[in-house]
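Just so you know, the protein sequences line up as chains A and B, in that order.
Taking numbering that gives the first Met the number 0, the leading residue of the first sequence gets 0, the next gets one more, and so forth.
Taking numbering that gives the first Met the number 0, the leading residue of the second sequence gets 0, the next gets one more, and so forth.
Derived by calculation from the structure, the hints in this document are not laboratory data.
Since this is a predicted model, take the numbers as computed values, not measurements.
Where chains are identical, the list cannot tell them apart; a pair therefore holds if satisfied intra-copy or between any two copies.
Once the Cα atoms are required to be at most 27 Å apart in a straight line, the calculated DSSO-like pairs of lysine-lysine come out as:
{"no.": "1", "residue 1": "K120", "residue 2": "K131"}
{"no.": "2", "residue 1": "K73", "residue 2": "K120"}
{"no.": "3", "residue 1": "K73", "residue 2": "K49"}
{"no.": "4", "residue 1": "K192", "residue 2": "K73"}
{"no.": "5", "residue 1": "K131", "residue 2": "K192"}
{"no.": "6", "residue 1": "K120", "residue 2": "K43"}
{"no.": "7", "residue 1": "K192", "residue 2": "K120"}
There are 2 protein chains.
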Amino acid sequence: MAKTKRVLKWQRDPEGMRLRILEAAKAEFAAHGLAGARVDSIAKKAGANKRMLYYHVGNKEDLYLEVLEGAYEKIRAEERGLDLEHLEPPEAIARLIDFTWNYFIRNPEFLALLNTENLAKARHLKRSTKVKSMHSPFVEMIRTVVTRGVESGDFRAAVDPVQLYISIAALAFFYLSNSATLSVIFGRDLLSKDARDERLSHMIALVLAALTGKSIATFGKSKAPKLQVTAQQAV
Amino acid sequence: MAKTKRVLKWQRDPEGMRLRILEAAKAEFAAHGLAGARVDSIAKKAGANKRMLYYHVGNKEDLYLEVLEGAYEKIRAEERGLDLEHLEPPEAIARLIDFTWNYFIRNPEFLALLNTENLAKARHLKRSTKVKSMHSPFVEMIRTVVTRGVESGDFRAAVDPVQLYISIAALAFFYLSNSATLSVIFGRDLLSKDARDERLSHMIALVLAALTGKSIATFGKSKAPKLQVTAQQAV
DNA sequence: ACAGTATTTATCCAACGGGTTAATTTCCGA
DNA sequence: TCGGAAATTAACCCGTTGGATAAATACTGT
Numbered sequence: 000m001a002k003t004k005r006v007l008k009w010q011r012d013p014e015g016m017r018l019r020i021l022e023a024a025k026a027e028f029a030a031h032g033l034a035g036a037r038v039d040s041i042a043k044k045a046g047a048n049k050r051m052l053y054y055h056v057g058n059k060e061d062l063y064l065e066v067l068e069g070a071y072e073k074i075r076a077e078e079r080g081l082d083l084e085h086l087e088p089p090e091a092i093a094r095l096i097d098f099t100w101n102y103f104i105r106n107p108e109f110l111a112l113l114n115t116e117n118l119a120k121a122r123h124l125k126r127s128t129k130v131k132s133m134h135s136p137f138v139e140m141i142r143t144v145v146t147r148g149v150e151s152g153d154f155r156a157a158v159d160p161v162q163l164y165i166s167i168a169a170l171a172f173f174y175l176s177n178s179a180t181l182s183v184i185f186g187r188d189l190l191s192k193d194a195r196d197e198r199l200s201h202m203i204a205l206v207l208a209a210l211t212g213k214s215i216a217t218f219g220k221s222k223a224p225k226l227q228v229t230a231q232q233a234v
Numbered sequence: 000m001a002k003t004k005r006v007l008k009w010q011r012d013p014e015g016m017r018l019r020i021l022e023a024a025k026a027e028f029a030a031h032g033l034a035g036a037r038v039d040s041i042a043k044k045a046g047a048n049k050r051m052l053y054y055h056v057g058n059k060e061d062l063y064l065e066v067l068e069g070a071y072e073k074i075r076a077e078e079r080g081l082d083l084e085h086l087e088p089p090e091a092i093a094r095l096i097d098f099t100w101n102y103f104i105r106n107p108e109f110l111a112l113l114n115t116e117n118l119a120k121a122r123h124l125k126r127s128t129k130v131k132s133m134h135s136p137f138v139e140m141i142r143t144v145v146t147r148g149v150e151s152g153d154f155r156a157a158v159d160p161v162q163l164y165i166s167i168a169a170l171a172f173f174y175l176s177n178s179a180t181l182s183v184i185f186g187r188d189l190l191s192k193d194a195r196d197e198r199l200s201h202m203i204a205l206v207l208a209a210l211t212g213k214s215i216a217t218f219g220k221s222k223a224p225k226l227q228v229t230a231q232q233a234v
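Start from the sequences and build out the full structure, keeping to the hints where you can.
Next up, the structure:
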């Protein structure tokens, strides 16, 4: 019989299985939220049996929390890779905005997971010991950038780094997270390449104009500023 | 028998019932999302029988869509009440920010509903004929304000009103919608009165500084700007 | 009054979905 | 090589949930 009779004999792979489960769970939770996620669906996507989830991770909520923690760990890790210290303050801010924007674009599940967790009033995050200790080193990074900028005269005045951080995240997060409804309302595709470039420019222009006091027009209309942004171009 | 034996004989009240159902549904969907919402729970909250939901509105998704449409209608209605035309451009922008911020604070369910709909990739909104025709009057209002501001010299340069609108919404929306997780991360209550005042000030300062070119510090540190904000105080 | 319709209640049910139990298979060390 | 632990599968359990049916009760026009 030429029948490939299923895969005869499976192989053990606890670590791999665990990873596949978490990956599948991330996609499922991001796509459907906590309540909408289906344990069976996660199992199937992971090429596993439902029982495996419980064996390797725990129940649905444990699984969810682990996914959430992993998501935070990942962005924090990348954040640490950004060294804004040796950049001119305006450039540093532009780079921060650029990073945030592109990270959100590259990791749309992160946005969805955060929304899901906020719908749950951060109930799980509060229980998490891991995440609470991961205070973003960003706040301090930003504080020093702002301080340097004020001292060098690049920035007009000091801003609360937490407010600034939240504002930068907000400008990117809201646009991307709500792009579906906004696209319907405005009747245009906000995720097209052009629209995304325009948005990035706008965000950088807005923040830098506010900080430096230079005209919002100063930060031109150049497309895709990427990493080389200086205070003179951008938005 | 002194026993108040239930309300003997019920009264009909179709409109009232319908409203109570929609109100209860709004709360339920906002609190638990589409998948997490429970039809029975909505019925109980509305002081109704589950059958009534199907009788008066339709199935769960119909109910959800109606709630969503109602939410949009409500904010659009209030938006129309704001007349920015006769204000100085900087004041107009400040007022717009103030309104947006306070509307979101007064209507937290609106934020949750939008997030829920975006999780669903605006699947329902696309089907809605009502909402698609309800363009926000803000965009045109903002366009004229910006134009006036540029002409009067108050603003340094023109900005795309859609980008500006999205940015203003973003600054308020993200902060409030994600306050639960952000509060955990930063270890401080972002919804306290002081924190809220500070945030409003920061938002107005950020946007006006960018538009006017005046220092972000110009827009002081005054608390609770409320409606009287001028370009000289605020944040 | 009273017939017919609109509104509301009281049950029911089939599918779903999270979680569990128990059996089966692979692997590893003695 | 073989016994037991680790990993995986298959099957089942059972409360929940969206939705449906049918009967009861209030209201309306005539």
